[in-house]
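So you can see what is in the structure, the chains are spelled out below.
2 protein chains.
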Amino acid sequence: MTNTRRLFLKQGIAGTLLLGAAPLLSAATPDPVKPKKEKPTDLFKLGMAGYTFVNFDLDTTLKTMEKLDIHYLCIKDFHLPMKSTDAEIKTFHEKLAAKNIIGYAIGPIYMRTKQAIDDGFEYAKRVGVKTIVGVPNVELLPYVSEKVKEYDMNYAIHLHGPDIKLFPDATDVWKHTKDLDPRVGMCLDIGHDLRNGCDPVADLKKYHTRVFDIHIKDVTAASKAGRGIEFGRGMIDFPAFIKMLRKVKYTGVCSLEYEKNMKDPFLGIAESIGYFKAVTDIV
Amino acid sequence: MTNTRRLFLKQGIAGTLLLGAAPLLSAATPDPVKPKKEKPTDLFKLGMAGYTFVNFDLDTTLKTMEKLDIHYLCIKDFHLPMKSTDAEIKTFHEKLAAKNIIGYAIGPIYMRTKQAIDDGFEYAKRVGVKTIVGVPNVELLPYVSEKVKEYDMNYAIHLHGPDIKLFPDATDVWKHTKDLDPRVGMCLDIGHDLRNGCDPVADLKKYHTRVFDIHIKDVTAASKAGRGIEFGRGMIDFPAFIKMLRKVKYTGVCSLEYEKNMKDPFLGIAESIGYFKAVTDIV
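Those protein sequences? They're chains A and B, same order as listed. If you're matching positions, the first sequence starts at 1 in the numbering used here and goes up one per residue. If you're matching positions, the second sequence starts at 1 in the numbering used here and goes up one per residue.
The shape of chain A in the complex, shown without the other chains (with noise of 0.2 Å):
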């Protein structure tokens, strides 16, 4: 609840006890309409990951965010190839442009060798993002740091709970980032933390110096038999979650990785959204 919120119901109830005399029902006169108060303004940015349009193409991608209102896409390859032509990236931000939407971060890539972080790395130059997610192999890590340096990017490991041995949580991360340059951090996927058994909001708390990006998405369950969920149905506490963002001045953007019914996730990606959003408005 923001201060706004409280100042307004303290009025609130000041004013019943000033006209406590009052019928209780009044005469059938119209009430004069109360404005709502003014939602929260945020650090914090909401977008959507690739990832979760991976069956669709990249017009039914932005079609879809425009409806949903959302200008922040991490760009997956399979709607911009890593081998495009700078010629075929300009379009590609063009035809986000025409929807109001950036693309913000590419990822997530698996980069198993010196060879795919170089690539990693010169394709986000020409796409002309700041933020790269990858999942690099741990011995490649040292290179990690000196690439960050070499082009004054962040690079987000995303984190993958019980699923893969490599970067299962948020401490594991911090864990084998933490002495690297500091431009080497975490995609902190909230729902994989949960699912390995951790608090995605105490990690937050804890790790937000090195959080570049982040996944948002609810979960059945905190455990490996936990599945992707519309939100609110789920194990994560959004408004915890919402209250940390801001406690930390998290001034990246929370994309949401929708993985439920991926053939046919539209219904549950809007939900999500709206769920995100109301949290938003109102915690």
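Take these hints with a grain of salt, some might be off.
Note that the list lumps identical chains together, so a pair holds whenever it fits in one copy or between two copies.
Stated by the list, open to error - Derived lysine-lysine pairs resembling DSSO-like cross-links, with alpha carbons at most 27 Å apart:
{"no.": "1", "residue 1": "K260", "residue 2": "K39"}
{"no.": "2", "residue 1": "K114", "residue 2": "K247"}
{"no.": "3", "residue 1": "K205", "residue 2": "K165"}
{"no.": "4", "residue 1": "K243", "residue 2": "K36"}
{"no.": "5", "residue 1": "K260", "residue 2": "K63"}
No lab work stands behind these hints: they were computed from the structure. These figures come from a predicted structure and were not determined experimentally.
Got chain A; can you put chain B on it based on the hints?
Relative to chain A, chain B alone:
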């Protein structure tokens, strides 16, 4: 905010104070998962106004409701014609039951003659619902008052804002019904009420004894120019509305009547439902 939540926050603050000596950034060890707070148990139900699907058949309507986890439908005649046979009505209910959906009311139906009122009540009886959403001519209200006695049904007059003269807002319906049988009342359309310059939250408080159905929607302005829009983007104060539903112990259905882009409304419907669910979970 529920009392449980208040208590939780208080305990949270107390806990922080007690642990004040602990370092802000603890060692890199995972925190245990905190359970999110339990959702409030509400007397009111979330439903769908059949009119939302005026351009779609029953199958599409039910599939959409199933995905959105909505279990109450106000039946429109384009999905179940008034001349349906008893066998057709039975098949209709079976279709709904297969999706765990209850057809809880019929309407809105405009009733300009005694015959139309007779037909409406007979239809409701055959369909097996206890609530009729209707718009009777004003001079027929005493007849409606007789019929609700005869059938022991609620008659919920749909209010329609500044678009038509008949029943523009809740206060108008109240004035016309307050001396009739207590089963004659309103379907409080919160968007149209606001569009007529009224406060639907205050009206719910004042007139709840005669509110038998509610159409939930958001609108862009508190005037005739106001148009339907995704929840949260317009002028309706949903937190205040949900709190009032609880305060007056409303036991009926809040049915989404979504009127933006009605030829392709699905993302807007889902975003709105997600928004409403979040407000319900949080305030």
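Hint by hint, here is what the structure shows:
no. : hint        : verdict
1   : K260 - K39  : between (30 Å within a copy, 22 Å between copies)
2   : K114 - K247 : neither (37 Å within a copy, 63 Å between copies)
3   : K205 - K165 : within (24 Å within a copy, 56 Å between copies)
4   : K243 - K36  : both (21 Å within a copy, 14 Å between copies)
5   : K260 - K63  : both (20 Å within a copy, 16 Å between copies)
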